[in-house]
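Protein chains in written order, with this note's numbering: chain Z, 5 to 131; chain C, 175 to 568.
Nothing false has been slipped in among the hints.
These stretches of chain Z come out as covered by chain C in the derived footprint (C-beta under 8 Å, 3 or more residues):
no.	stretch
1	15-29
2	58-72
Calculated lysine-lysine pairs in the DSS-like style (CA-CA distance at most 25 Å, straight line):
no.	chain 1	residue 1	chain 2	residue 2
3	Z	K38	C	K563
4	Z	K48	C	K563
5	Z	K11	C	K487
6	C	K564	Z	K38
7	C	K221	C	K389
8	Z	K125	C	K563
To be clear, the hints were calculated from the coordinates, so they are not data collected in a lab.
Predicted model, so just to flag it, every value in this text is computed and none were measured.
From the three backbone atoms N, C-alpha and C, an ideal C-beta is built for every residue, glycine too.
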Amino acid sequence: MALYSEKVMDHFRNPRNVGVIEDANGIGEVGNAKCGDIMKMYLKIEDGIVVDVKFETFGCGSAIASSSMATELIKGQPVSEVKKLTNKAVAEALDGLPDYKMHCSVLAEEAIQAALEDYEKRTGIKI
Amino acid sequence: MIYADNAATTKMSEAAIHTMTELLQDAWGNPSSLYTHGQKAKEVLEKAREDVAAAIGAEPREIIFTSGGSEADNQAIRSAAESGRRKGKTHIISSAFEHHAVLHTLERLKKEGFEVTLLDVHENGLIRPEEVEAAIREDTCLVTIMTANNEIGTIEPIREIGAVCRAKGVLFHTDAVQAVGHIPLNVKEDNIDLLSASAHKFHGPKGVGFLYVRKGVPVTNLIEGGAQERGRRAGTENVPGIAAMATALKEAIAHMPENTTKLTALRDRLIDGLLQIPHSALNGDRAQRLPGNVNFCFEGIEGESLLLLLDDKGIQASSGSACTSGSLDPSHVLLAIGRVHDVAHGSLRLSIGEDLTEEDADYIIRSVGEVVTYLRGFSPIWRDLMAGKKEFIL
Ligand SMILES: Cc1ncc(COP(=O)(O)O)c(C=O)c1O
Ligand code: FES
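Throw the hints in and build the complete structure from the sequences for me.
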């Protein structure tokens, strides 16, 4: 049996939305206390919609795949919906993660939440 | 496919497979039985014992066959500890980067009242005999130091350490699992009292190994039962596996000179090639290392991603990254030589075998370079390093 699902490997090999948004208005960077990995999310929010999102990740295969999947899940979505994103939803969309790799999807959830908080702080807009 | 994980396990040699399959057919009797078929198995077993003993300069009666390296380590350490305890000696010296078969056995002994000193392995991964000497106390019953490290391949000065122990009257055990069949060893010349080895690291089968116990050193039985192995390890012997181990070991020793020349050249080619990658470093001493071991850290990337992408390119290797270990702790070996967590994250171990070619080595160098560059391209740590927000360590 392979370590990861086909979906995870697909997002790991061909990560979507990789990179930086120069004029992002919400940036979140979080680290994983467990294994020491780091994930950074850049959001461009206009009229309450996430119009663009990019990520950078220093981490394992499942961390990279989780970042990639999370960006796909939130792109084009209203911020109120994005705020509800959980790591479980990310993991499910990836057809599951091994138990000891669930925390990598938590990193994606936390990076997005941190980016939303940054947006609130910068703009004074409460989501 | 390029297999560069021979420190994890090796492919069985043709000759070892031949020995094993033939004996599965022809020598399936119980060596403890007195009828002809049992006695044939017994003969095979004792011939294997002679061959294994000869390979390390021991006598046949000094060899105990075990289920592998872990069991041999457990039995060696437990034996020395029990005999020490009987004399009121409950201090053991080891090093911070031993295999877990050693470290976890020592943890268990600590709970039973033993005191353990773990020596520093320094930045180059080499233990200093004078530091062993300084650590020995009146109540020291055992020094256990590995012959060669399984992750960074450093070869320890075991002959000198053994001499120090001999002079002080302390037992010396060495976990030689990564060394046997790869570098010359002689238990007499190297002053070794107890030595562990495992067949699957030198092209023999898995689940077979041996413990050398110098004549006169008391042994504690870990597995109670029948009188096999002269009462020191119960259980009907794995005759085909043991004989295949002997075949593989004889072969490894016969070809050691040419294998060493070939592997050393390929290893050095890999090291020189990988050092061209910016902000990379070799782990462990460059000269005092196993002929087939290459171990690097690349700053700004994580090892599991590196391994998965190398696998896609047909290269199989391993890493000491926290993300690759089920426990999510980075390699204790890399931490022991002073690599910080972030840097230990981007580690790669290539343990090459005799079938590797120069073209393979060049392909590995090229592929690692490509994957490292790609991963750095979207690593937030690398961005900070390049922007000067963080200082490079390598
Ligand atoms: C240095 C060292 N000691 C002990 C062992 C354990 O050997 P085995 O797998 O035969 O139990 C290994 C192999 O993983 C090793 O590399
Ligand atoms: S982020 Fe380290 S294990 Fe996944």
